[in-house]
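Can you make the complete structure from the sequences, with help from the hints?
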Amino acid sequence: MSGWRGSLLGVLFVASMSSILVYAFLGYPELGFVRPLGEFYLFNTYNFENQDWWSASPNAVTGLLWDYRGYDTLYETMVFYVGIVAVAMFFEGHAKLTKTGGMTVIVRATARMVFVFILTSAFAITIFSIKTPGGGFQGGSIMAIAYIAIIVALSKGFLPEMNIDLEKAHIAKIIGLALIAGLTIVPVVYSLASGSVAYALQNQPKAWAPFGYPTYLGLTSLSGGLIIPIQLGEMVHVGMGFTIMFLLLTMKERED
Amino acid sequence: MLDIILLFSLGMFITTITLSMYRMVVGPTIPDRMLALDVISYGLTVVMGIIAVISGSPYLIVISFSLALWFFIGALYVARYMEGEQIGD
Amino acid sequence: MIATIELVIDLLLAFCVVLTAAIVFTKDLLLAVVLAGAEGVLVATVFYLLLAPDIALVQVAAGVGISTAFFIVGLRKIGRREE
Chain A
5 MSGWRGSLLG VLFVASMSSI LVYAFLGYPE LGFVRPLGEF YLFNTYNFEN
55 QDWWSASPNA VTGLLWDYRG YDTLYETMVF YVGIVAVAMF FEGHAKLTKT
105 GGMTVIVRAT ARMVFVFILT SAFAITIFSI KTPGGGFQGG SIMAIAYIAI
155 IVALSKGFLP EMNIDLEKAH IAKIIGLALI AGLTIVPVVY SLASGSVAYA
205 LQNQPKAWAP FGYPTYLGLT SLSGGLIIPI QLGEMVHVGM GFTIMFLLLT
255 MKERED
Chain B
94 MLDIILLFSL GMFITTITLS MYRMVVGPTI PDRMLALDVI SYGLTVVMGI
144 IAVISGSPYL IVISFSLALW FFIGALYVAR YMEGEQIGD
Chain C
44 MIATIELVID LLLAFCVVLT AAIVFTKDLL LAVVLAGAEG VLVATVFYLL
94 LAPDIALVQV AAGVGISTAF FIVGLRKIGR REE
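Chains as they are written, first to last, in our numbering: chain A, 5 to 260; chain B, 94 to 182; chain C, 44 to 126.
One or more of the hints may lead you astray.
To be verified - Where chain B lies over chain C, by a calculated footprint (3+ residues, C-beta under 8 Å):
1. 65-74
2. 77-85
3. 97-107
4. 114-124
Unchecked claim - The calculated DSBU-like cross-link candidates involving lysine-lysine, where the alpha carbons are at most 35 Å apart (straight line), are:
5. A:Lys103 <-> C:Lys120
6. A:Lys135 <-> A:Lys172
7. C:Lys120 <-> A:Lys172
8. A:Lys210 <-> A:Lys103
9. A:Lys103 <-> A:Lys256
10. C:Lys120 <-> C:Lys70
11. A:Lys210 <-> A:Lys135
12. A:Lys172 <-> A:Lys256
13. C:Lys120 <-> A:Lys256
14. C:Lys70 <-> A:Lys256
FYI, nobody ran anything at the bench for these hints, they're computed from the structure. The C-beta atom is built at its ideal place from N, Cα and C for all residues, glycine as well.
Okay, structure coming up:
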């Protein structure tokens, strides 16, 4: 597999993969064409005259979140949780946060300032995700980037000064998961208690299932039900999960 | 008038991005390529903002604002690697 | 306008193919990581031009910010040069 044979194999691999991708791209509809999925969205999820089916959120992706795509997000969260538990089981016991120098003073000062900006933008992207692009996973990735910047530019030992260590990160992650789980089973408990129909992961009231989270925040501002709390829980889960993974992967495997 | 200025600056930034792409493919050392990637990223941020202004859609400006905050972080990782230190110490 | 955007998307994807070939053939793994970050930025631009800002956000956050960090931590453990 050395010499020209390896190169030929690489060329063949790249050529075949790119031809497959070009072939897949040929089947796409034209830009600007309203696809059937878009029509379904316009008729059902954000239609003020058809409030039996809507989810009270102008953003398409998060509007589909609970009433239409809830189980998808639930199982994504579960897969992510299992992955982090596996990494933590392999690397636990070597976790020591020692404080060392870090990079130069210019980079350290810049990283501290940018940390605040990145964390603020993570919260903004998550909370305003019912109107502007964003969501829980996006906000969580950005939050993880803020902490990774601190770890790289300063050091791992700087995290306890910011009231974050491995145990607290695990606790915050579990609080986020518990928020999601609790909001998921509230409609079921309501249904068992009152005798009316309600589904797990139900967000807005339907004609035959009157339970629903509040539609409006104040008088006119759409709240999207409880999409904002579930996005906040997802954000804390994903951000703390990536931070824990990065911390555990940067641990030394043996003392030397 | 504003349209002409916007289109002119769009063309300028696209030219910058193209030249930086050449430097990123050809550039002899790693720091050359990393700086070229930074120039490409910030140019793309400005291009996204100009497209949002031209199309008049406020939803598209959100991303360019927030992307400008963490494009620099790849350069931070590579600098930390080339210092020869363990990452995270 | 739409034809121009399609042309730009095609050019970006063609450049992505060039970058992928460079990543496959290079012996310097740090160079491969840098080029993978560049490819992430270009793919995010394609998502933005296809009017999917949500996906572009998560592509840049995960492709440039997080996976590059993980790869470089791995490079510190296994060494920079490929045999």
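Q: State the violated hints by number, sorted upward, taking the hints as numbered earlier in the document.
A: 8
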